[in-house]
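Enquirer: Given next are the chains, with one letter for each unit.
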Amino acid sequence: MLFNSLHFFFFFLVVTPAFFLLPHKHRWKLLLAASCYFYMTFVPVYILILGFTIIIDYFAGILIERSKGKSRKHFLILSLVANIGVLAVFKYYNFLNDNLSFLLGNFGYQNHVPYLNILLPIGLSFHTFQAMSYTIEVYRGHQKAEKHFGIYSLYVMFYPQLVAGPIERPQNILHQFHTKQYFNYTNVTEGLKLIAWGLFKKVVIADRLSIYVDAVYNNADQHSGITLIVATVFFAFQIYCDFSGYSDIAIGCARVMGYNLMINFRRPYLAGSIKEFWSRWHISLSTWFRDYLYFPLGGSKVPIPRWYLNLFIVFMVSGLWHGANWTFIIWGALHGVYQIFSVSFKKLNEKNILGYRPLTNAFHVLVTFTLVSFAWIFFRANNVHEAFAICKSIFTLKPGGLFIGTPEGFVYAIIWILFLLVVEYITEYYSDVVKVFSSPNRVVRYAGYTVIVLFIILFGVFNGGQFIYFQF
Amino acid sequence: MKPFYKLLRNGLIILIVLFVTDRALGSLIEHFFFNEKQGDSAVTTHGIMNTKEDVLIFGNSRASHHYIPAVISERTGLSCYNLGRDGMKMLYYETLLKSVLSYHTPKIIILDLNLNDFEYQLDEEQKLTAVLMPYINKNKEVRELIYSQNKMEFSLANISILYRLNSLPMPIMQHYMGIGQKQFNGYEPLSGSMPESAKVKYVDNTNYKESKTQLVAFENFVNAAKSKNIKLYVFVSPGMKIHKYNALKTADKILSKYDLTCYNYSELFNAEAHKLFYDVGHLNEIGAQAFTDSVIVDHFPQKYLSADNLILFNGNKLPLSRL
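Line by line, the protein sequences give chains A and B.
The first sequence finishes on residue 471 if you use numbering that gives the first Met the number 0, and the numbering steps up by one all the way, no holes.
The second sequence finishes on residue 322 if you use numbering that gives the first Met the number 0, and the numbering steps up by one all the way, no holes.
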């Protein structure tokens with residue numbers, strides 16, 4: 000069930016009022032049942048995998064808390080092995096097997112390890128990481144083990160963030176399920192506004208851009224350098240609106256019921272450095288890697304070469320987290336290299352190289368956006384060979400005109416990108432544009448609501464476009 | 000006031016504001032839409048609401064670029080309109096024909112069969128619904144088709160005028176003001192030709208899968224024309240892209256039931272063919288003129304061909320086979 004489908008609209012219309020109508024002690028049952036239904040609308044049988052990791056982690060949490068000494072660690076390892084094992088089988092097995100075949104092939108051997116004919120469970124990486132953060136936090140003593148099996152299951156399965164995050168921490172969300180949520184006008188309206196804004200970003204901007212991006216990237220060899228540059232820039236905005244739109248809808252849905260999920264995006268394309276970009280992009284994942292991988296590796300409190308290696312490892316793993324494909328690994332590695340350069344030349348970055356601070360800042364934003372967009376080529380390309388061919392076409396400015404596709408589609412795409420940039424700029428430097436919808440002047444407020452809904456109806460692309468991050 | 004009732008009251012106000020705005024703005028945009036001077040939608044609007052011509056041409060972009068109504072009219076004295084529309088398939092032609100027949104009976108119909116007209120396409124129904132949505136309240140055939148394809152879309156389109164016009168405001172303004180795309184009774188000329196090095200492209204489409212919906216639509220199309228005693232011609236117009244698996248055999252099989260034949264012009268090439276093509280799939284205006292002229296001379300009943308109104312290609316009768 001996609002957030003941008005009528006199916007979800009009706010699901011939300013049923014679940015939310017039912018949530019408030021039920022007494023607090025029964026609400027977890029409703030949310031859990033709704034979350035199971037939500038997940039099972041994709042591939043029903045995969046709920047068994049979720050059930051398996053939920054059972055393991057639930058008991059692991061309790062046993063970690065009750066145990067002392069080495070056995071605590073053993074139970075944590077058991078939980079991590081179970082979670083990573085599921086990821087390894089469903090997400091990485093065939094990829095590893097592919098690479099093994101390639102490697103053996105180079106030495107003249109044949110790989111007889113069979114391939115698995117399985118579909119990747121939707122949002123597997125998200126809920127696996129959320130589950131792992133629970134046992135790690137219990138092990139670290141930051142979180143008490145959850146004794147209520149239903150509530151723990153809900154922590155992993157809470158439908159708004161089940162398939163594409165934000166990847167929550169137990170300290171933030173678990174206690175909220177125990178707290179009675181009252182019908183709160185502000186929560187409901189703020190939540191609905193976030194949903195509308197997220198939907199706008201998804202169906203009006205991301206899905207519009209995807210038409211052009213798909214047309215170009217699926218026939219990349221036939222397009223000119225300039226077309227590939229435009230498509231890459233469009234993809235940068237497409238993936239941002241697609242994913243941040245999803246996060247906004249998720250946060251909004253939870254907010255309506257009184258639950259606060261963590262913010263996942265803070266205008267990443269206004270970042271002045273790669274380091275800053277990662278503090279604004281997919282925040283729940285980047286902080287996950289920071290807390291559970293980067294710090295345990297030693298973070299920055301190690302000799303400089305080791306620090307750089309830590310950064311590189313974290314981004315490589317982040318790339319691999321996104322998908323079992325070399326394109327994602329290269330994308331992660333590129334960001335790792337960017338980070339190393341970013342911290343190496345920190346002082347240079349801080350200098351006012353253009354003599355006028357706003358101009359220097361704008362220059363930094365532009366450079367960061369260019370680097371990030373370049374890395375997106377590897378993220379979007381269908382394979383590594385194609386990604387390098389696209390890079391070649393771009394750097395050699397392969398001759399040919401600019402592909403427009405449908406003229407109106409192209410113009411809409413540019414208009415919506417500019418609109419988004421204006422909104423992001425105002426939000427960053429002046430005030431939150433979504434707060435326009437909270438203006439004390441009722442006419443302004445209602446005009447705001449009307450315009451956004453009408454824009455969605457009139458300019459939205461309703462082709463049932465999947466969210467890009469579902470595949471992870 | 001209790002927060003729930005406040006939400007209910009404000010929600011209701013917003014719904015009313017939305018409804019009123021939708022009606023007002025929607026009606027205004029709809030007015031421009033139904034009065035477009037040119038463009039794909041103008042052609043569909045003509046077919047669904049305003050057709051009165053003797054000869055009608057159905058098909059996709061190849062039809063709209065390959066048959067010149069002016070040539071047909073001048074050669075035969077019959078009025079003609081080209082209802083070809085880019086990216087469409089059989090189900091669209093069928094719905095459009097039934098819409099036309101609900102208020103007008105033409106004398107002759109030309110159906111330009113595309114070699115992949117029967118091929119199954121994942122989003123074919125969705126695309127068709129989007130194209131026909133603005134006419135949901137204008138024509139019974141369209142209404143029934145959208146209802147049968149997607150009941151949810153049908154309901155939404157009935158509630159919101161703006162939803163029917165989704166993504167259309169810009170092309171509507173463009174075509175209302177007559178900017179860009181130029182059409183002459185539905186015919187859209189293409190200028191320019193392929194390079195001399197251009198070769199025929201053979202496509203080995205081994206994944207070819209026929210759509211049952213499109214096949215039924217084809218048979219319904221033929222049946223609808225025959226039941227009104229309309230002279231129906233089915234042509235496959237020239238192209239420099241040949242699909243290994245295509246609609247020809249199936250079309251012939253269906254047409255033979257109605258004593259009809261599909262005339263295949265798709266593989267008539269010689270060394271000079273590139274001069275007649277704009278791209279591998281479409282004739283340029285010179286090619287279109289030659290082709291239109293050929294099909295009239297080769298197939299139209301003699302009674303419609305008068306020596307007085309012959310206009311010849313480059314001063315000669317020039318069947319395509321000689322080019």
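Because the hints were derived from the structure by calculation, they are not lab data.
These numbers were taken from a predicted model, which means no experiment stands behind them.
Every residue, glycine too, gets a C-beta built ideally from N, C-alpha and C.
Some hints could be false.
[Said to hold, decoys possible] DSSO-like, lysine-lysine: derived pairs with alpha carbons at most 27 Å apart:
1) A:Lys24 / B:Lys200
2) A:Lys397 / B:Lys240
3) A:Lys146 / A:Lys28
4) A:Lys397 / B:Lys200
5) A:Lys397 / B:Lys198
6) A:Lys179 / B:Lys1
[Stated by the list, open to error] Distance ranges between label pairs, derived from CB positions:
7) A:Pro22 / B:Lys137: 32 to 40 Å
8) A:Tyr108 / B:Lys198: 17 to 25 Å
9) A:His111 / B:Glu209: 48 to 56 Å
10) B:Phe31 / A:Leu95: 56 to 64 Å
11) A:Leu296 / B:Ser147: 53 to 61 Å
12) A:His177 / B:His30: 37 to 45 Å
13) A:Ile403 / B:Lys198: 43 to 51 Å
[As the list claims (entries may be wrong)] Computed footprint of chain B on chain A; a stretch qualifies when at least three of its residues, placed anywhere within it, have a C-beta under 8 Å from a C-beta of chain B:
14) 148-155
15) 444-451
Enquirer: Each hint needs a verdict: does it hold in this structure or not?
Expert: Hints versus structure:
no. : hint                            : in the structure
1   : A:Lys24 / B:Lys200              : 68 Å, violated
2   : A:Lys397 / B:Lys240             : 26 Å, holds
3   : A:Lys146 / A:Lys28              : 15 Å, holds
4   : A:Lys397 / B:Lys200             : 24 Å, holds
5   : A:Lys397 / B:Lys198             : 23 Å, holds
6   : A:Lys179 / B:Lys1               : 18 Å, holds
7   : A:Pro22 / B:Lys137: 32 to 40 Å  : 52 Å, violated
8   : A:Tyr108 / B:Lys198: 17 to 25 Å : 43 Å, violated
9   : A:His111 / B:Glu209: 48 to 56 Å : 39 Å, violated
10  : B:Phe31 / A:Leu95: 56 to 64 Å   : 58 Å, holds
11  : A:Leu296 / B:Ser147: 53 to 61 Å : 60 Å, holds
12  : A:His177 / B:His30: 37 to 45 Å  : 57 Å, violated
13  : A:Ile403 / B:Lys198: 43 to 51 Å : 26 Å, violated
14  : 148-155                         : violated (count 0)
15  : 444-451                         : holds (count 3)
In this structure, the hints that do not hold are numbers 1, 7, 8, 9, 12, 13 and 14, in rising order.
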